[in-house]
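Next come the chains, spelled out residue by residue.
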Amino acid sequence: MNLNQRQSFRSGQEYLRSLLFLSPFILLFFISLIQVFNLTIIQGDKYQTIAESNRIYQKTINPVRGFIYDHRGELLVENVVQRDLYVTPAYIENPNKTLLTLSDLLGLSFEGLESIYFSRALKIKNYDSFPLVKSLNEEQIAKIKVNIDLISGVEVISSLKRYVLHDQTLAHIIGYVGDISLVDIQNDNSLSEIKNSQIGKTGIEKEFDFILRGKPGYQTQERDVKGKLVRVLDTEGAKDGENIYLSIDKSLQTHLFKLFKGRKGALVALEPKTGLVRALISSPSYDPNILNSIVDSTLVEKLFDNQDSPIFNRAISGQYPPASTLKPFVGLAAIENRVISWEKKIRDNGKYFVEGDPRPYRGWKENGHGNVDMRKAIIESSDVYFYNLAYDLTLSGIKPMLENFGFGKKTGLTPFESSGLLPDKKWKLGYKGDFWFKGDTINLGIGQGYILSTPLQLAVAYSGLANKGIIYKPLFIQPSDEKTYKPEKIAHINLSDEGGWEKMEKALIDVIAARNGTAHKVFDKNSKVIAGKTGTAQIKSILPGKEYDAIRENPLLRDHALFVGYGPVNDPKLVVAVIIENGESGSEVAAPIVQSAINFYSK
Amino acid sequence: MQNKPLSFSVDIKLRKTNSKINFDFSIILTVIVLSLFGLAMIYSASGSTMLLYKQGIYFLIGMMLMFIAAISNFRKMEPIYLNGVWVGFFFLILVLILPNSGTTNRWINIGFIGFQPSELMRFLLPISAAAYLSRNPQIKFSDWLVVAITTLIAFLLVFFQPDFGTSAIVLLSGLVPIVLSGMPWPYIFYSFLAGLAVLPFLWMSLLDYQRERVFTFFSPDTDILGSGWNIAQSKIAIGSGQFLGKGFSEGSQSQLDFIPESHTDFIFAVIVEEFGFLGALILFLLYAFLIHRLLFVARMSNSKFAKLVAGTLSIILAAYVTLNISMVVGIFPVVGMPLPFISQGGTALVVNMITIGIILSLRRIN
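So the sequences go chain by chain: A and B. Mapping of the first sequence onto the numbering used here: position 186 corresponds to residue 186, and the numbering continues sequentially without gaps. With the second sequence counted from 1, adding 603 to any position gets you the numbering used here.
You can take every hint at face value.
Footprint (simulated), chain B over chain A, 3 or more residues, beta carbon under 8 Å: (1) 29 to 41; (2) 51 to 58; (3) 216 to 225.
Treat the hints as calculated values from the structure; they're not laboratory data. As the structure is a prediction and not an experimental result, all values here were calculated from the model. A virtual CB, placed ideally from N, CA and C, is assigned to each residue, including glycine.
Construct the entire structure; sequences and hints are all you get.
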């Protein structure tokens, strides 16, 4: 190369041509610098926040739900360890592949996992997770643990499962827990913080959820892009739920539950002097653990589809005609209103007529009980006697006394109980669109017609008889010290003749003790002395003629059998109301249970 | 015409050849600083000492080759440079023939080390082109055509590996010498139009994932967990670095693997996350200074060959730096190219250092 050659190469041209190529890069270079400035300085705070939310994960630590004990400290409900498979959709790139792997490992159907996954994954926000498979067994856990590196977004989380002891015995008292639904969150926004835990759905679990639940804690974790825990940054412990001691007596409850033998019915047993509920049964029952941790949804469907409604709490929500068990209250109303005296006799020939109505009101005994006074009318359960009293009392004479004893309103035991029905003129016009007839009053006199009460209401009303007018609010929670406990009085009924209480009690004792008593069949000289009353609630009103035998053909239309009583009468320890649906005879099926309850409890 | 002594330069007298080399030590120093910083960042981003040692070995090899290239007499090397392109083609064809792993044919493995023929080509092609174009005093039109066709073949070989980013660089590395060597403007203009006409065909021959990258670029935030994830996470890392950064090895985005390819293509995001805007600014200045010095060598060179080689290699380096950074900061599609001297990758580091060595050798004083 010589000098000329070099000179022919014009450096100016070359410089210009270099710039042709360089200019876009110079431009990009400066735009990049501006962009870095924009990202770091102008939007730095925003990106700092995003970077933090990328790595920081707030994990809720669920509190341990409080245990439930009976009044003697016997464990009724505890928590047992359960291992669930949780998935975090944000870390799962290919759900189908992950689900296929999981279905292989766990031996579960792909379709089942798929439907659970996609029904929940779409509602999940950010890096939230949810349980895909509950209650893994040991083999499944082992397989997941070995393969955990192959499947991202999946982890086995141990949690505590609610476990109710004693099978079905306590189902309706305790109730069950369940996942928090969207409706629950709408009602109580604070639940959104503990989305993956459970809350009480019925019974004590629901009513005292705020005590049992506790407060969640939080763990601030740092996680990598695959969701693997890198380190724990901060932990704020959970505050565990508190234990609850119920007034229930476990041994009494178990003893009585067996006596039901699965028959439909209910029982409420409470201490008249304190209102403390010692046993509460609704039969048939169910195993609440099926609902506490739903592993097999077909079992749950079966439970809810069951014709006998085992989930339904008959003891507090079942509304039945009180039938003859109402007679003592009607009797007391009649004495108080001076429409009759204790001694005055009324002729009972089995039929009662109201003027202008050709239809006779029949007594349960075809030819009647002859001349009956109050005592005999209670012992033999004369209907005609009480038809007479009701007619003379009129509705306005009966209703205040029944109201005093708590009919037609909630007892205050739980917010979930029914209030029963104490009918009056206004109610009938409103609900039936008809006027109140004399016949309605006459039916009310023997606890039939429109009146409805729950087994709980009957037990509470009879505690008023046991306490000679004083009724205490029924209670599920055991007071810390029973001796100094001052129960809440909800009614104090005064009779103008204080001796009336004893006279009524004597009659009620003779229901069992006297030879002509309707429940004399259960008489046992070794038993504690019990005051009580039988009842036979008609489901279908019988028209003239002997049609009941025809009705009997359908077991579901047979009369309900009732017995309500308290004892031992010298120092009443327990008042018990029992109803056996379609049990027909109160003395044969209901009274023995009441007797057994009182004898068992006052041993 | 004698060279003016360069600032920051040192004269080294070579014993055997009795000639002097005028080294620009500022260039060497900048390269060493960048490479060592790169080693540190690779360690921070990957947390792997294995990768660090591997890259460290490449750095030492690169240093050695850089000095050999720097002290060699480029005039005597010209015949070798002229035929370098054949070596490049040999490997490019070899990589296509050899059984491939996965969907791309980019690597040749010799024992435990692997290298990318495309990286080699984008360095051999411009040197051969420069040598070819400056072998006669007067450049004939056919010379440009030969270079253009050679470039096109090299480009297509890389393009169908497929390697979108490097193929563009290979194309550039062939076109720059043509234009710099004084091809008349009308030819340049018509060639440009012809190139535009071919673009739709290239677009159609792109693979789905490459097209998706282009689409992703235009709407990176639409689906943050999907295809725009890489860019979105990279921007989060950069932004969260703020002014001073989170400190070495303290970047949560990189340490917790939120940044994809954090020790290779996206290493710039790690740098900004851990050293902030200030760190980025210093890095920008280092690159600007390096490229400026390299271009200065080209300008001061007294031979056509030296000017073409120094100019082209500097422009290619500038292209790498700016395209990588603008990709990482989200103003350019993700094309997959490393950040020179810093990204993990042995071939690129060694080639870049030899490039520097060659440019240094062009400052020879007879």
